[in-house]
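Here is how the chains run, residue by residue.
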Amino acid sequence: MSPPSRRPWSLARRRLLLTVPALAAARVLPARAAVDETIPGVRELTEYLAGRTPRFGRLALDLPRLADNGNAVPLKLTLRGPFTAGAELRSIRLYSEKNPVPLMARFDFPVPPARAEIDSRVRLAGTQRVTAIAELANGELLAAVADVAVTISACLDGS
Amino acid sequence: MAFARIQVAPGVKRGDAVEVRISIRHPMETGFRVDDGGRTIARNTIKEFVCRYGAVEVLRASLGSGIAANPYLRFYITAVESGELVFEWIDDAGERGDTKAPIVVAA
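Read top to bottom, the protein sequences are chains A and B. No gaps in the numbering here: position 157 of the first sequence is 156 in numbering that gives the first Met the number 0, and each next residue is one more. No gaps in the numbering here: position 7 of the second sequence is 6 in numbering that gives the first Met the number 0, and each next residue is one more.
Extracted from the complex, chain A is given alone in its bound form:
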């Protein structure tokens, strides 16, 4: 048994040890936990949207939170159904916030795909928010955003 004089100090220290990481986490977590669905104000993207407001939720954009190499970042797009007649998936566009060419890719589905899913690898010039916009046959727009921290940026050093 430890001497009583030392116990309060030891408890306080323990509490401190528990609190510090919690505080550190608290500074980071709210930004992640709060669903920030702001579409970056990229000119090309704004032009494409032309005042239309895409809906969030059905389209999922999976990107790593941290990409070591911006030259090839795996990306996965998934659109959840149901796909009612007249509301089939027509196209998905991918926009970058920081790349010199904002429109990274456009995928068109002349016939409804068996699964509204597409994978690729993208180049990212720095830490940024990637936006995906899916367009349905009825003109409805669906959006998804993903924030990626990029350690080694693509296409900046000109090498």
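It should be emphasised that the hints constitute simulated quantities derived from the structure, not laboratory data. Using N, Cα and C, we set each Cβ at its ideal position, and we do this for glycine too. Incorrect hints may have been included.
[To be verified] Using 30 angstroms as the maximum straight-line C-alpha spacing, the simulated DSS-like pairs for lysine-lysine come out as follows:
id	chain 1	residue 1	chain 2	residue 2
1	B	99	B	46
2	A	75	B	99
3	B	46	A	75
4	B	99	B	12
5	A	75	B	12
[To be verified] Across the chosen pairs, the derived CB separations fall in these ranges:
id	chain 1	residue 1	chain 2	residue 2	range
6	A	136	B	2	28 to 38 angstroms
7	B	80	A	82	17 to 27 angstroms
8	B	33	A	109	37 to 47 angstroms
9	A	68	B	2	17 to 27 angstroms
Mind docking chain B on chain A? Use the hints.
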């Protein structure tokens, strides 16, 4: 230059979702790099990519400089009947590439 690797999921039945994976060998030049002489290397990306299943066009893509070198795509098509998947693409330099892959569908 026109070289690609394709994988079409085997053992599919009519109506199934068939996974198709393709990786095309292409530098996907961004147009922002310079060569040893300091001259800008012209932008060269696969501006048009088409995948046909029989006579039906199933996917069309336009890949910009935001797509990594040796572009990789994975997508799903609906199995209808045995046949051929034809992939065709053209880059900014006007170079065309094409490749085919058989698809075997069990009744």
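Is it true that the CA of residue 75 (chain A) sits at most 30 angstroms from the CA of residue 99 (chain B)?
24 angstroms, holds
Outcome for the supplied range 17 to 27 angstroms, where the beta carbon pair is residue 68 (chain A) and residue 2 (chain B):
23 angstroms, holds
Straight-line alpha-carbon gap residue 75 (chain A) to residue 12 (chain B), limit 30 angstroms
25 angstroms, holds
Is it true that the C-beta distance of residue 80 (chain B) to residue 82 (chain A) lies inside 17 to 27 angstroms, as the hint says?
22 angstroms, holds
Between residue 99 (chain B) and residue 12 (chain B), is the straight-line Cα distance small enough, at 30 angstroms or below?
Between residue 99 (chain B) and residue 12 (chain B) the Cα gap is close to 20 angstroms, so the pair holds against 30 angstroms.
37 to 47 angstroms was suggested as the range; check whether the CB atoms of residue 33 (chain B) and residue 109 (chain A) agree with it.
With Cβ atoms ~39 angstroms apart, the hint holds.
Residue 2 (chain B) and residue 136 (chain A) - C-beta distance against the hinted 28 to 38 angstroms:
For residue 2 (chain B) against residue 136 (chain A), whose Cβ atoms are near 35 angstroms apart, the range 28 to 38 angstroms holds.
Holds or violated: are the alpha carbons of residue 46 (chain B) and residue 75 (chain A) at most 30 angstroms from each other?
Given that 30 angstroms is the threshold and the Cα spacing comes to 20 angstroms, the pair holds.
Given the hinted pair residue 99 (chain B) and residue 46 (chain B), is their Cα-Cα distance within 30 angstroms?
19 angstroms, holds
No hint from the list above goes unmet by this structure.
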